[in-house]
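Residue numbers (our numbering), protein chains in the order written: chain B, 1 to 557; chain D, 558 to 905; chain W, 906 to 1385.
Heads up, a few of these hints could be off.
[Stated by the list, open to error] SDA-like, lysine to any residue: derived pairs with alpha carbons at most 20 Å apart:
id, chain 1, residue 1, chain 2, residue 2
1, B, K242, D, R675
2, B, K334, B, A402
3, B, K339, B, S474
4, W, K1144, D, L571
5, B, K339, B, L385
6, B, K77, D, Q597
7, D, K595, B, G159
8, B, K473, B, N485
9, D, K595, W, E907
10, B, K242, D, F838
11, B, K22, B, A503
[What the hints assert, rightly or not] Computed footprint of chain D on chain W, listed as stretches where at least three residues anywhere in the stretch have a Cβ under 8 Å from a Cβ of chain D:
id, stretch
12, 1146-1157
13, 1175-1185
14, 1317-1327
Because the hints were derived from the structure by calculation, they are not lab data.
As the structure is a computational prediction, the values presented were derived from the model and not from experiment.
Ideal placement from N, C-alpha and C gives every residue a C-beta, glycine not left out.
Okay, here's what each chain looks like letter by letter:
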Amino acid sequence: MTSMDTVRQVHPAAKMYAREFKQGQMSRREFLARTTALGMTASAAYVLGGLGQPAQAAGHAQRGGTIRLQSEVRAHKDTRTYDWTQMAYVTHGTLEYLIEYNNDGSFRPMLLEGWEVNDDATEFTLKVRQGVTWNNGDAFTAEDVARNITRWTDSTVEGNSMAARMASLADDETGQAADGAITVVDEHTVVLKTKRPDITLIPGMADYPAPVVHSSYDPNADLSELVGTGPMQVVQNEVGVKAVLEKSGHPWWGDEALEGGGWFIDRLEIIDYGQDPAAWIAAAESEEVDVFYETVGDFIDIMDAIGWQKSDVATGSTIVIRPNQLAEDENGNKIYGDKRVRQALAMAVDNAVCLELGYADRGLVADNCHVGPVHPEYDDSVTRLPHDPAKALQLMEEAGMADFEHELQSIDDDWRKNTTDAVAAQLRDAGINVRRTILPGSTFWNDWTKYAFSSTNWNHRPLGTQVLALAYKSGVAWNEFGFANDEFDTLLAEANSIADVDARREVMGKLQAILIDEGVTIQPYWRSLYRHSAPNIQGADAHIAYLPQAYKWSLSA
Amino acid sequence: MGMFILRRVGVMLLTALCLTFLVFYLTNLYPNLEKLAKTQGNFRMSDEAVASWLEKGGYLQPTPVKYAEWLGVVPSYRFEAEDGTVTGRCILPGMEASEAPRYCGILQGYWGWSTVFRDPVSEIISTRLALTGKLMLWVMLLMVPGALIIGVLAGMREGSPLDRSLSTFSITTTATPEYVSGVLFIAVFASSAVGLKWFKGTATSAMENATFENFFLPVLTIALYGMGYIARMTRASMAEVMTAQYIRTARLKGVSFPNIVLKHALRNALIAPFTVIMLQFPWLLNGVVIVETLFNYKGFGWTLVQAAGNNDIELLLGVSVVSVIVVLVTQLISDIGYVYLNPRISVT
Amino acid sequence: MEDLTWTGSLGTFLDPLLFVLVPLFALAVVARILLSFFEPDTGTQANPDGTLVATGGIWSLSARIMTWLGAALVVLVLLYVVLGVVMGTGAGILGGISQRLTPVWIALIVTFWVSIHFKRRLGLYGKLFDSTIGMIGFGLVMFWVFVAVFTGLFDWIATHDALSQVSGMKNKGPGIPLRGAEQGEYPYYLLGGDNLARDVFSRVIKGSTIVIAIAPLATLFAFMVGITLGLPAGYYGGKLDTLLSFLANLILAFPVILLFYLLVTPEIVLTGLPQYMGVVLFAFPLIFFGVLIQSRFRTQPEKNSLWLAIVLIPLFLAYMSLINEDGSKISFWPLDFFDINAGILVVFVSVVFVNSPTVFRIVRGLAMDIKTRDYVAAAQTRGERPWYIMLWEILPNARGPLIVDFCLRIGYTTILLGTLGFFGLGLPPESPDWGSTINEGRKLLSIYLHPALPPAIALLSLVLGLNLLADGLREESLRD
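Next comes chain B alone, as it looks inside the complex (with noise of 0.2 Å):
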């Protein structure tokens, strides 16, 4: 059980979700992500819901042992500028979260007590948890959490990814967090108070690019001195290589917080194979790896054939087959500038035929507009449109661009590219003029945002509106449209400050039918992730947003 495992105050909206679930209203999903997100713990939502609780099978695992798991090892750096989560996997042991997103939807507090939130999501009341300490020796207090929530939200360290997700804390002019919006009470209590109504924040918090780092942390320090609260030490990282954490003697605070505890392994290898799946299904085969980062596309079959276990959740990753708006030819005309040429692009394309080929059918056919049926706030009645290769090449033809040649960019891998080849095909099929480029992995993430036309995945959020906040909002970093557009940005704003979920379905219809019809991108699909594991490895499950939790890995007897 966890420390907070009475409701105390149940926030009005928390009952109001469990009345919407129990009428059916809302899934189990939608519930357990909207209350644990407004502060209750994933028991206590449990118990609202009147839902059992999910077995634990990590309860009776055993201890000791070397896990190796296949992933891609990158150099380190700042923590809050990661943008792959393989960083994270490195240094998860050492560095930890202050709350966790969990498959089911739920949000489980870590490094916190539990926090609390005001009805129109403002004011957010972090408890510490307590008993926790650095492997330096040193206490982990409210004091060190606030630094690293201002951390966290300085916009003017480049490539700060968290500032976007911190945005509501900070001083638009400065780019740091404002007066006031960061206040450590005691030293067990912090309280954020947020410009706007902002319901992504604890969701934000649980991310990957939010490991919780020592007052002494310098990004450019070795690995192995990393000071951190986990029970894991960095032992080696050999960049493209291999990655190795082992036990560091350090008591894991977790064995006594969390039920049933974690870290049972001794050691986790992270080796990388590279980018080429079949590399992986080799190191399988050889009996060189026992965990796979991800199994992607037809390996998928091969890894069942092979006898390992599958692991799959249901996602709203996807891949966004997108035009930019800003992107210029030779003469400086905006390549993509005319919605009606978006517009052809998208009707020109059967998102179920991407499916086919570029995922095996693996996953769900989506509607160009980045929120689905995973997210709560989903309206199903707006549509895309509809798929008409005729009409698609007439109104290429009025904007006058039947002759252009587009050229299409992705990167070289298996399922992104078969996608993007898919989409190529079937424009090519309309009428519409392709030319296909794929650049190397090493290569193809130098322009990602620039590139006129390329492909792009983009892992799962727990909020609609937190993909659309960080991509699709005029200006920020991630924009990889060149979309701008106020009315967007309006809506978006205030579907941020609703709490209720039907409230906010009806701004959220809104802003999918704008992305639909300015032609945006095409999203054709979501993914389901699958991972596989040796038949002797237990709870290494595949997780909904990649995030790292070899905490819950164990080998069987």
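With chain B fixed as given, assemble chains D and W onto it according to the hints.
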């Protein structure tokens, strides 16, 4: 002989200088620098940010100056930021600017810092080269005797069925590049589709603990492609020797056939293949890169791919220096060896 | 529709024969090899009167059995092909393929018939038809040449488009009927569908066009460069030779793969470097032909100008079009007839660049050897100019080894192109060229063999053919 070697070494150094400058020039072209800045700093950098990053790293100096710094003949670049902190290529992480030497180049034994792996270049290259050395050792042990035996057997009786079969075999192996044979081997011997699973389809664990199971396929893949060529050279040389006057004489004297082959023909027949084997080294590097990529063996070839793919300038330079030296040294050895083995040739 | 089997209705009576013949033949070959170890010294010997004497007994018996079994196998294979042409998919996948290849078969038969008929008048080329190895090699090479030509020019052989994807055909095995085939569409994917539901057969066929177009052309350019520089280096010697040899050795000391990684990247293409290299390398054919004609007709100015104009003007126009490209670093020439894709250009330039020094070394060596011959001395005393001697005396006499090397080098270039495809450098990734297709197919190799094997076998057979052809040529030219 001494003069000859001295002159060759001189040419070798000149070649190495020219080549490294070429690599230096290519990797320092602006688009490449821009790519470097973006992978190292942040992939969303603006053009000004790229320029200031490059300025800070000293990348915007004229190429000859940078090259001289890399060689260690001029003091290396230092950048003083507004807050007074000094950075430069001689100042390694965790080192004070005042302690750092002024010159740091090849002449001082400093090979630079890898931007991808965040390690000193010399360290990376020595580790990776040792791994590739292990691979090459086994390749040689398989390839050279195999090729010589095939070549001698084929060449001792030109036109015999044995000759025809072995020649067909060696032509086929030279016509099968590593990326074809490697793929076929993995499919047949390591995959679940065929189901033999005699070997492992990856050699990653062979880096620490090489066994027959995890190391044979990569070794075989490289060896086969080179084997055919050497075998054909040996065959041609052997066939030529077998028609020589002194062999005929020996035959007429009634020396038994095995004796003729072993005692009379072999030594002379092996002169040509020796040169060929030595000259094969540079070509083997090609195979090493393909095979290390295919089998995920993180040796020298793999490092080359990583360094080139990420425009890791100093690592790439280190890699080129080593490979150029390997090529030139093998050429030198082959020349000297040729002279020693062949009494009819003198170097003067 | 049902899936096609490999041999269809032919299978019922031809397959059992095949299954008996193949092991028997293999057995015979092994037995023959083993026996040959103990064969008395004679072997087959020619008597002074022109008759042949072969070793008798078990050895001649084994040789005869092998010959007969081999012949029977060849007849059987021909049966598959011929019946396939007649019956089409009725004779299964092989039949279908054989029928699609009908124009190639006809062209091959005509070529061979004509060549063998007139072989006494065809010089070295005709001699090729005295060597079995050479004929096999020539057959393999011409097979792919004809496939490439008929596909490239007339779009004959391939059954589908190389890039179009058909829903439901992803990773389907060979002989699968096309889902939702319409009137006029070929109703099968003969060799199955690849990972993107494209027709494997058509991709291999179309890929041949790319390989056959680039590899020999790039080799030819490399030869022009190598010859134009190698002849004077070998003929004059001295400082010129030292300098050129040093430069050639410089490039040769470069590991090929490193050079490719340095040259064939989008960043380098951006700097326009490959184009500048192209400007230099592509100028060599012009120089070569210019000097060739000039040295020959120097004394006949009218003829000289005429020939120079006929040859050089089209070459010059092609050269200017080649190096000029809209929107790149070099774009000043108004008469830009065609644009070459920057990716292909950089691949082409790199391959020429890598091959030239080796050709240079060979030509230089040959020139040094041949310049000591009597006929060169005779020409020198006649007062011929150096370039005349080099191009019209030395070069023709060096043609034997050069032709042999040319064949080998095309094979090597094909392998290099594949290597580039394997590393994803240069050619566009969805291009059906064999290197890229093999790289694509290898990823799923552990479950689907059919997308990777056909291009691998195609590449292997072409390179093997070129090697055999070179072998045959070498054998025949040595016999001179």
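Hints and how they fare:
For the suggested pair B:K242 and D:R675, the alpha carbons sit about 14 Å apart, so the restraint of at most 20 Å is met. Taken as a hint, the B:K334 and B:A402 pair is honoured in the structure, with Cα atoms around 15 Å apart against an allowance of 20 Å. Under the criterion of a C-alpha separation no larger than 20 Å, the hint pairing B:K339 with B:S474 is consistent with the structure, at around 17 Å. A threshold of 20 Å between alpha carbons decides the hint, and for W:K1144 with D:L571 the separation of about 17 Å falls inside it, so the pair holds.
Our distance criterion of 20 Å between C-alpha atoms is met by B:K339 and B:L385, whose separation comes to about 13 Å. Restraint check for B:K77 and D:Q597: the C-alpha separation of about 10 Å stays at or below 20 Å, so the hint holds. For the suggested pair D:K595 and B:G159, the alpha carbons sit about 11 Å apart, so the restraint of at most 20 Å is met. Distance check on the hinted pair: B:K473 and B:N485 sit about 8 Å apart at the alpha-carbon level, within 20 Å; holds.
As the CA atoms of D:K595 and W:E907 are separated by approximately 54 Å, the hinted pair breaks the 20 Å bound. Straight-line distance between C-alpha atoms of B:K242 and D:F838 comes to about 29 Å, which puts the hinted pair past the 20 Å bound. A threshold of 20 Å between alpha carbons decides the hint, and for B:K22 with B:A503 the separation of about 18 Å falls inside it, so the pair holds. Only when three residues or more bring their CB closer than 8 Å to a CB of chain D does the claim for the stretch 1146-1157 of chain W stand; here the count is 4, and the claim holds.
Restraint check on the stretch 1175-1185 of chain W versus chain D: 3 residues with Cβ-Cβ distances below 8 Å, three needed, restraint holds. Look at the stretch 1317-1327 of chain W against chain D: 4 of its residues bring a Cβ nearer than 8 Å to a Cβ of that chain, three or more, so the hint holds.
Hints 9, 10, counting from the list given before, are not met by this structure.
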